[in-house]
Each structure stands twice: as structure tokens, then as C-alpha cells.
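So the sequences go chain by chain: C and X.
For the first sequence, my numbering gives the first residue as 591, with consecutive numbering after it.
For the second sequence, my numbering gives the first residue as 30, with consecutive numbering after it.
No lab work stands behind these hints, which were simulated from the structure alone.
Yeah, the Cβ is synthetic: ideal placement off N, Cα and C, and Gly gets one too.
Fair warning: there could be bad hints in the mix.
[Claimed, not checked] Computed Cβ-Cβ distance ranges for the label pairs, DEER-style:
1. E255/X with Y651/C: 48 to 54 angstroms
2. D660/C with P120/X: 51 to 57 angstroms
3. W615/C with K521/X: 47 to 53 angstroms
4. L608/C with G569/X: 37 to 43 angstroms
5. M612/C with K521/X: 53 to 59 angstroms
6. L736/C with P256/X: 36 to 42 angstroms
7. V652/C with E255/X: 50 to 56 angstroms
[Claimed, not checked] Once the Cα atoms are required to be at most 25 angstroms apart in a straight line, the calculated DSS-like pairs of lysine-lysine come out as:
8. K656/C with K205/X
9. K682/C with K205/X
10. K648/C with K193/X
11. K468/X with K648/C
12. K656/C with K252/X
13. K199/X with K643/C
14. K643/C with K370/X
15. K243/X with K643/C
16. K215/X with K643/C
17. K243/X with K659/C
18. K207/X with K643/C
19. K643/C with K248/X
20. K682/C with K243/X
21. K648/C with K682/C
22. K205/X with K643/C
23. K648/C with K207/X
[Unchecked claim] Now the stretches of chain C that chain X is said to cover, found in silico as 3 or more residues with beta-carbon under 8 angstroms:
24. 647-658
25. 666-675
26. 747-755
27. 861-875
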Amino acid sequence: MLKFVVRRVLWTIPIILLVIFMTFWMMRAIKGSPFRRTERAVPAAVMANLDRKFGLDKPWYVQYGKYVKDVATFDLGPSLVLRNQNVNDIVKQHFPVSAELGGFAMLLAIVVGVPLGILSALRANRVTDYIAMLFANLGFAIPSFLVATLLIYEFAAQLRWFPTNGWDTASSKVLPVIALSLGPLTYFARIVRGQMLETLQQDYVRTAKAKGLRWKRVVVVHVLRNSLIPAVTAAGPLLGFLVTGSFIIENIFSIPGIGRYYVTSVSGRDYSTVMGITVLLSILIIVANMIVDILYGFLDPRTRDART
Amino acid sequence: MRKPRFAWPLGLVAVLFIALVAAGCGGGGSSGSGNNNATTTGGNANASGGTIRIAIGSEPPSLDPGLATDTTSAFVVLNTNVPIVYLGPAPDLKPEPALAQSWDTSGNTVTLHLRKDVKWTNGQPVTADDVVYSWLRTISPQLGADYAYQFYGIKGAQEYNSCKPSAANKQCDALKSKVGITAPDKYTVKVDLTSPQPWFLQQLSHTSFIPVNKSAVEKWGNKWTEPGHYVTDGPFKLTQWQHDASLTLVKNPDYYDASTVKLQTVKLNIITDGSTAEQAFNAGNVDVNETGWPPSDTARIKNTPAYQQFPSLGIYYYGFNVKTITDVNQRKAMALAIDRKTIVDHITQTGQVPATAFTPKGIPGAATINSESTFLKPTADMTLAKQYMSKVSNPVKNVTLIFNNAPGHKEIATAIQAQWKQLGLNVTLKQQDWPQFLKFLGPPPDPSVGAFRMGWIADFPDDINFLSIFQCGSGNNYTNWCNKQYDDLLKKATAEQDQAKRYDLYKQAEAMLTSKSGDMPIAPIYWYTFAYQVAQNVHGWNTNPMDEIDLRKVSIG
């Protein structure tokens, strides 16, 4: 196991270098300058000063080399758009907010979604199943921005139970977490239900039942354990998605998270911010996938043996 | 067989519960304060009387007066600092004393006499040296200030800004010493201009001329705009800034005119989404919605007492690539075919004024300047348009119209596409994100571009700021139109001290653009307005035509 983990960690280095290179290349392939944000043209002299200040006048390989060197020392450079901030500050201030939002949403999705899927499978083709799956399909189909807007309208503007926006008090966190978790929640419910139904048909379940094991024990030990693997597989990338993909929710609720910066910095061509956040998120997703692999090992010892 | 370990979902429930409870205990409880308020028109009935909560649309990219380029940053900078001059009421927008108590102009020289009672929040007096230091800092090539070009009218400024700094050459230092900004004594600033530029005093109202505190800048580097570091001299001071969430400004008791300032606290909540800002206002969580709202809600909001609207020195226009649409008669036909009134009545809907000339209606002298530009009307003149179109020997039937992907542009483009179709033109709409869009515009524009959307909001209230856009070689001239006669008129205007004569020169220039005899490189569409939702208990809310919101006169309660 240790050898496996060490190898995975070492593999992340070339992957991160590749991520930096590709982001670097793509940001320059889409045309546009970070210094032309308004309808006012900037004189050539001013443009030259800006390019010089941020090193954009150097050849691309010099810029890339310097960037990699800076990243190695955990310096993500200055933001090209927010002129009094460094990317390190932006990450430090806004990443924890996104992580909190994504983490809570993930938790809610698991805590509600997984039992919902189990319940549906055990009551397959009965009223409980239909209601649960109707909810799951609706939740999956309705886009999060619509859910968010409806939640704000109903519970913040009309009933006034929660604030319309922000991320400071506990009550301000309720609506965005619900809005963000709805998609993954229903995804978990569907995936667990599907796999459970399949597992219930397996020979070993029949055997367990035949040898007189209590039904509850059959479900918990044999069915559930084997039905969760696809859910765990999905959970890793989903966690990454929840943290990065919360842009819409962050924007609607005015939450100072990193997702918002990610999107606005791409459209603003804020190269250093885009690259800084990309590097950070790739590390996050790589780590999440690694944890998934390790969890696999516990849920299904065969995968562990095959990989170590 | 191992013992089942399936207690973990229960464990997660417990963790979630604990986490939520913990978060609940840790919260400050401030943002929920408006929740119990049951008014439907926004506003809070809090007893403090002096706290206003404003929804603003973005994080201010920089509070450094030398680096701020957007209206949100300018809003905070202007209310925490003292500009060189304030602008008086519209329509004249004359310079009024601020940091400069009085001034003399003689030929190319402007002498500013500063107030002696303006203090930085660290206790130091604001002096002429601060002004000289700040201006040279903004002009310096090292700072990389976008607005360095605001100073190009000052002798030697452009040369200094254009030099390439390096340790080896001392060229930049030599150029710095030649810039025409000096401090003959502690409270006097002498400015040498390249030409008389009669608008220079109004230009001094711009935030880029606001002095910065040298000791704060040198001590904190680019972190000097953070609360606690941000040394200012204006009516309010910055006490809190949670990036991308909120800023708090508190009345500065040492401001030279503090007795006139009514508000105690200004809380700026950053709400980027228009729909959320509208809901926050309706729920009473903010007193003013400066962010805006979805265009589809305009008709409804307009009928509420909270709706307030102000004229702007700004124009929304379409430009033509005159190398693609070469025939002036076709450009005239296209300009005539635009139904401006329908666009402002049914698409934009916030009181915009159909623009029949390029010079905005609110600019000083506009009545004179636009007096000859009566060719274009608020409504479409399809008969005349078709007449002009019939004169075109080789009409360009396929026109590509490009615009950026901000809200609202597409609806206008679609309407104009239909109007131009009546002239027999086949218009292709091309929507792009902003940086891509600019790449297509040039200047010079991409040959594929036939027409494009553009806009302009004044930097200072003089028509030169608008008309100079279409000078040959101007970085904002995306039309390929270049006329020496036009340039000569504007050149004469920069030296013309007599206001009536200057307006007459502007009138001739404007006529070259949009009058019957003009070249029509552009088609004006509408003059902007600024619109807000303002709670009933907020008094004195006002935006001048430059989009400057001055909170000194605002009160609440």
C-alpha cells in the first residue's frame, strides 16, 4: 500500500507540469490581453509598461520557466487584473470558502443521496421508489441556477428565513449548500439504486439468503458494501467538481469563493490567476482520486492486490 | 467473515450536524439583520440613522487612485479621498474647489493653490509635494498605470511614460525631471501643459489625479490599499475589506468638511448577480441597489417608487468599418434605418435618450455643438434610408456585425439586423467575449468586420473627450475613418481658450461625423442613463453624468 501511495504521489509531479504547460499554452492560444478591460484603448507605451511589469514581454519559454520555478516555491505571482493582490492572497482568502461550500454540499449529497438510493432499491417499483426517483430525476434535470434563484425568491425574499446573499452566518450558508448539493445528491441516489438492484440479483446474495442470514445483515454486509463502489468512484471527481463548479452558485449568492475567480479570470485573461487556480485544483483532484483508490482497496480487496 | 462496519453514514450525519451547529455558533449574525424587516420597498428602519448598505456589482480591482480604472473602484476612491477639484452641478459641470482651493491659468500654465487644512488619516498634512510625488508615480513607466495617458497633456509626461527603464540607463530619470509638474512652495502646484487645454481643470476631477500618501505606499508596497494601511484624506475612511464580499467605510472626523457629512457608516456589499441584488433590495438587506437587475425586470422596477434614474455623459453607438462599407450613402442609409426610439422604449427601457449625434446631450455646449446634426432622427426614416441606398452603386449586401457578449447587446443587434434587412442587407451577427472582440476591432479592424458595437463614457466633461476618438491614429478609432480636416479642427480646439469659439469648432467636427454632409463613420444609437433602486428613507442619492456617486450629501432615516 505504501509503495502504491508513494508512486502515485511522485506521478503527480509530471502531471502538474503538464497541467501548467497546457493551461499556459491554452491561455495564450485564446486571443486577448489582460490589460484591455474597458472600452478605452490603452496607448502603446502604457501597454509596453504593463507587459514589462508583468514579464509578458519575455519569450514564452522564459515565462514558462519562471512560472514553474515560482510555483515550486509556492509563489503564484501577482494577479494581472486585481492590481493590489497576489494569486497567493486570492487562493488563501477564497479557496477555504469554496472548500467549505463544496464540502458541505458533498456531505449533504452523501448523507441524503445514498440512503435515498438504498431505500429506492429496497422498495423497487413501489410508491416510495417512484417518489424518490421522481425527486432524483427532477433534481438532476433542473439546473442549479434555477434552484438557487427559486430558493432565494421563496425562502429569502418572501419568507425571509435566510439572507439573500453572503457567506458569513450559518443561516446564510443553508440555501447555497442545498442548491449546490441537489445535483450530486440525486446523482448518488440514482447510482446507488441502480447498483443495489444489480447486486440484489447476484448469486452470493441468494446464497446468503438461503443459508438463513437475517435480511438486514444480508443488505448491510453483502449488498451495500458491493453497491457503493460506483458511488465512491464518482465521489472523487465530484468533490473536485463541487469546489470548482460552484461558480454559478457562488455568483448567484455572492459568495466570495474561488470558483467565481476562476471563471472571471479566464474571461479577463488574468493568466497568473487562471494558472494558479488550475494548479491548485489539479492537485486537489489528483489527491481526491488517490483517496478514492485507497478507499477502493478497503471496499474491494481485489483492486488493492492488483495495484500494489 | 468480518464484522460489518456500516455505522459511517450515521457518523457523517453526526459530523454534519456538529459542523452546522459549530458554524452557527461562529457566525457574526450581522447579515441576517435585515431578515425581520417587512418593508417591500427596501430599506431598513434601523435606529442608527447613519448606516447605509449599498449593493455594488463587483470587487473593486484597485483602490490605488493611480491604478483604478473602473467605476466601482472610482466610487470608493472618490469617497475616501479628496480630488483636486469636484465637479459642480450639471449641465455646466464646472470645476469647484476641493483640494485645490483656487487656481490661476495663464497660457499653458495652470497654478493650483491647495487647502492648508487637509490631513491624511495618519495625521500628516496633504501638501504640494504629495501631489507632485503622486502624479509622477502614476506617469512613471514602472507603475504600469492604465490611466497614465490622462497626464499626457502635461509637458514631458508622455515622454517619461514611454521610456524603457533599466538599471543601466539613466534616461528615465532625466525624463522624469523634465515633466512639467513642480511645487514652488508647500501648498502650490505648478503644471506646464503642452497646449492651453481649457478642459484641464475639469479633467483634474478624475480619480487618477488624486494624490496618494507616500509613506503608506512606500511602507506597504502593493498592499497599501488594505484596511489599516490605506492612508487617505476624504470624507470616509476604509475600515474593513473582505475581498469579494464587502467593504466598510466610516466617517472620517478629520475630513476638512466633516460637519457636512451625514452618514456614519457605509457598508458596500458586493453582489454581482443582478437578480440577487434585486432580491436583496426587496428583502430590505440593502438600501441601494447599484448592481442593477435583469433587463427583463426593468419595466416592473420602473413603476416602483424606489426607481431612480440619472443622465449620463455616455453613448452607445455602432461604428462602420469604412474600408468594408466604403460608400457613404450606404452608411447613411444604415444610420437612418435604425429605430432608436424603439430600442430605448422596448429593449433598454431605463430612460436612455435616442442619440441623433455623437456628442452626448448633457455635455457642456451640446445645444450648440449638435445644432447642425439634425439628419438622424430618433425614429427610423426608412423612406429616406431607401433613397440613399438606391444611390449606392456597389452596395455591400452581406454585412458582419460584431458585438461583445455582455447582456443586452444581442437584443439590440437583432432589432437592428431586422431594420437593416429592410434595406436589402443580409446581416450576420457575431457575438464574442470581450478580449476576442477587441482583437477583431484593432485598430485597424479585421477586414471581415462591417459594423461593430461600441460605447464611451466621459473621462471629463468636455466634448474633446468624445470627438478625439475619431482622430486619425486614435487607439479608440475602430472605423478606419481618417480625415485630416477633422483632426485640424480638434487641434485648433485644444488651443482655443474662448468657449464659444471652441464649441463652434466642435460643431464643425460633429457635423463631419453625423450631419447630412457628414461621412457617417458611426451610427449613434442612444445616450446612456444610470439607474438604481433607492430605498425611500435614503435622501440625496445622486450620480453625476460622469457616474460619480458622492456620498457626502447622502443621508438615511
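A quick look at each hint next to the structure:
no.: 1; hint: E255/X with Y651/C: 48 to 54 angstroms; result: 35 angstroms, violated
no.: 2; hint: D660/C with P120/X: 51 to 57 angstroms; result: 52 angstroms, holds
no.: 3; hint: W615/C with K521/X: 47 to 53 angstroms; result: 50 angstroms, holds
no.: 4; hint: L608/C with G569/X: 37 to 43 angstroms; result: 58 angstroms, violated
no.: 5; hint: M612/C with K521/X: 53 to 59 angstroms; result: 55 angstroms, holds
no.: 6; hint: L736/C with P256/X: 36 to 42 angstroms; result: 37 angstroms, holds
no.: 7; hint: V652/C with E255/X: 50 to 56 angstroms; result: 32 angstroms, violated
no.: 8; hint: K656/C with K205/X; result: 31 angstroms, violated
no.: 9; hint: K682/C with K205/X; result: 38 angstroms, violated
no.: 10; hint: K648/C with K193/X; result: 14 angstroms, holds
no.: 11; hint: K468/X with K648/C; result: 21 angstroms, holds
no.: 12; hint: K656/C with K252/X; result: 23 angstroms, holds
no.: 13; hint: K199/X with K643/C; result: 18 angstroms, holds
no.: 14; hint: K643/C with K370/X; result: 46 angstroms, violated
no.: 15; hint: K243/X with K643/C; result: 21 angstroms, holds
no.: 16; hint: K215/X with K643/C; result: 33 angstroms, violated
no.: 17; hint: K243/X with K659/C; result: 33 angstroms, violated
no.: 18; hint: K207/X with K643/C; result: 23 angstroms, holds
no.: 19; hint: K643/C with K248/X; result: 20 angstroms, holds
no.: 20; hint: K682/C with K243/X; result: 28 angstroms, violated
no.: 21; hint: K648/C with K682/C; result: 28 angstroms, violated
no.: 22; hint: K205/X with K643/C; result: 18 angstroms, holds
no.: 23; hint: K648/C with K207/X; result: 30 angstroms, violated
no.: 24; hint: 647-658; result: violated (count 0)
no.: 25; hint: 666-675; result: holds (count 6)
no.: 26; hint: 747-755; result: holds (count 7)
no.: 27; hint: 861-875; result: violated (count 0)
Of the numbered hints given earlier, the model fails hints 1, 4, 7, 8, 9, 14, 16, 17, 20, 21, 23, 24 and 27; all others are met.
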